[in-house]
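Novice: Listed below, chain by chain, are the residues.
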Amino acid sequence: MKIRVEEIEQTDEIEVIIKGSKDNEDVKEIYRSLLYFESVILGKTNDKTVSLPLSQIYYFDSVDNKTFAYDKNTVYDVNLKLYQLEEKLVNTPFIRVNKSMIVNTRKLKTFKSTINGRMEATLINGEKVKISRSYVPLLKEKLGGKR
Amino acid sequence: MMKKYSGIFLKFLFIINIIYIILATIVYRRLDIRLSFVRLEIGVLIISLILSLATYIMKLEKGNSIVNVILGYIIIVPSLYVFRNNFGTYLFRSVWLIYILMVVVGIIYGVVLYVLNKKYKDEVKHLNELLEEKKKQE
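So the protein sequences, as listed, match chains A and B. The first sequence maps to residues 1 to 147 in the working numbering. The second sequence maps to residues 1 to 138 in the working numbering.
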């Protein structure tokens with residue numbers, strides 16, 4: 001794979017062209033990664049609507065039919081249902097880990113199992129997230145393993 | 001919550017019913033005593049309710065996992081008294097047999113937890129390896 005950066009002065013816009021077969025797995029992976037950096041979600045905090053880059057979001061969770069997005073320090077109110085987010089984020093590192101939570105796999109630090117057979121993941125900001133057994137096969141797939 | 005509890009309850013109801021049929025048959029064959037069906041079936045229902053509650057508490061996501069596991073065992077204990085009440089002296093000829101049964105149930109509970117834990121630890125290890133690989137690639 002050749003990586004080339006063409007320098008253009010006096011521009012803020014970045015253009016990325018991927019040359020290769022559309023069916024190539026590497027091309028797909030690069031496309032997914034770029035999509036992740038490019039995509040934003042609208043969220044509300046302190047009555048202000050802000051656009052949140054996906055790469056900054058740690059996880060989404062749903063409480064009392066309301067969806068929230070969490071970055072390192074702030075909580076944002078998101079105007080989408082969890083299943084809508086799940087559909088929207090299908091080609092990104094985000095994955096559903098339990099009934100009420102979608103996690104950014106790039107923000108995961110470690111996995112741990114508890115004595116009663118539960119699984120939890122620690123995020124890079126130290127927060128702990130419960131992982132349901134039923135979502136483990138999909139999580140494995142997302143991390144590059146087999147189901 | 002109720003859906004999950006009902007699922008566990010039905011499984012226990014099936015298993016305990018089979019165990020009771022076997023034990024009632026043994027009592028009938030050995031001592032030629034017919035135990036009351038209604039009495040036994042009430043026992044099966046109570047024991048199934050207790051065991052499914054214990055399993056539900058043990059698997060609960062909320063709270064401390066060790067406390068949940070201990071609570072799970074404590075909840076199981078009354079079901080042994082129901083069991084003794086159902087079969088009485090036909091199975092429990094000595095008073096201390098109930099304590100032995102408690103220990104046996106404790107050991108089975110421990111073994112189940114150990115097997116469950118080992119299985120999940122392997123899964124967690126695999127997930128951590130995948131995560132490490134992914135980080136290296138990035």
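No lab work stands behind these hints: they were computed from the structure. All values reported here derive from a predicted model rather than from experimental measurement. Even glycine gets a Cβ: it sits at the ideal position worked out from N, Cα and C. One or more of the hints may lead you astray.
No farther apart than 30 Å at their CA atoms in a straight line, the calculated lysine-lysine pairs in the DSS-like style are these [what the hints assert, rightly or not]:
id: 1; chain 1: B; residue 1: 134; chain 2: A; residue 2: 22
id: 2; chain 1: B; residue 1: 136; chain 2: B; residue 2: 62
id: 3; chain 1: A; residue 1: 142; chain 2: B; residue 2: 135
id: 4; chain 1: B; residue 1: 3; chain 2: A; residue 2: 2
id: 5; chain 1: A; residue 1: 81; chain 2: B; residue 2: 136
id: 6; chain 1: B; residue 1: 125; chain 2: B; residue 2: 62
id: 7; chain 1: A; residue 1: 2; chain 2: B; residue 2: 134
id: 8; chain 1: A; residue 1: 112; chain 2: B; residue 2: 119
id: 9; chain 1: A; residue 1: 140; chain 2: B; residue 2: 125
id: 10; chain 1: A; residue 1: 142; chain 2: A; residue 2: 112
id: 11; chain 1: A; residue 1: 128; chain 2: B; residue 2: 136
id: 12; chain 1: A; residue 1: 112; chain 2: B; residue 2: 136
id: 13; chain 1: B; residue 1: 119; chain 2: A; residue 2: 88
id: 14; chain 1: B; residue 1: 134; chain 2: A; residue 2: 28
Computed footprint of chain A on chain B, listed as stretches where at least three residues anywhere in the stretch have a Cβ under 8 Å from a Cβ of chain A [claimed, not checked]:
id: 15; region: 53-65
id: 16; region: 110-117
id: 17; region: 120-133
If you anchor each label on the Cβ, the simulated ranges turn out as follows [what the hints assert, rightly or not]:
id: 18; chain 1: B; residue 1: 112; chain 2: A; residue 2: 79; range: 43 to 51 Å
id: 19; chain 1: A; residue 1: 88; chain 2: B; residue 2: 19; range: 32 to 40 Å
id: 20; chain 1: A; residue 1: 40; chain 2: B; residue 2: 133; range: 24 to 32 Å
Novice: Does each hint hold? Answer for all of them.
Specialist: Consistency of the hints with the structure:
1. B:134 x A:22: OK: residue 134 (chain B) and residue 22 (chain A) at ~23 Å, within 30 Å.
2. B:136 x B:62: 34 Å, violated
3. A:142 x B:135: 13 Å, holds
4. B:3 x A:2: 55 Å, violated
5. A:81 x B:136: 33 Å, violated
6. B:125 x B:62: 23 Å, holds
7. A:2 x B:134: Judged against 30 Å, a Cα distance of about 21 Å means the pair holds.
8. A:112 x B:119: 13 Å, holds
9. A:140 x B:125: 12 Å, holds
10. A:142 x A:112: 18 Å, holds
11. A:128 x B:136: Distance of about 23 Å is within 30 Å: holds.
12. A:112 x B:136: 20 Å, holds
13. B:119 x A:88: 33 Å, violated
14. B:134 x A:28: Status holds; Cα separation ~16 Å.
15. 53-65: holds (count 5)
16. 110-117: holds (count 3)
17. 120-133: It holds, with 10 qualifying residues against the three required.
18. B:112 x A:79: 43 to 51 Å: Because 45 Å falls inside the window, the suggested range holds.
19. A:88 x B:19: 32 to 40 Å: 50 Å, violated
20. A:40 x B:133: 24 to 32 Å: 29 Å, holds
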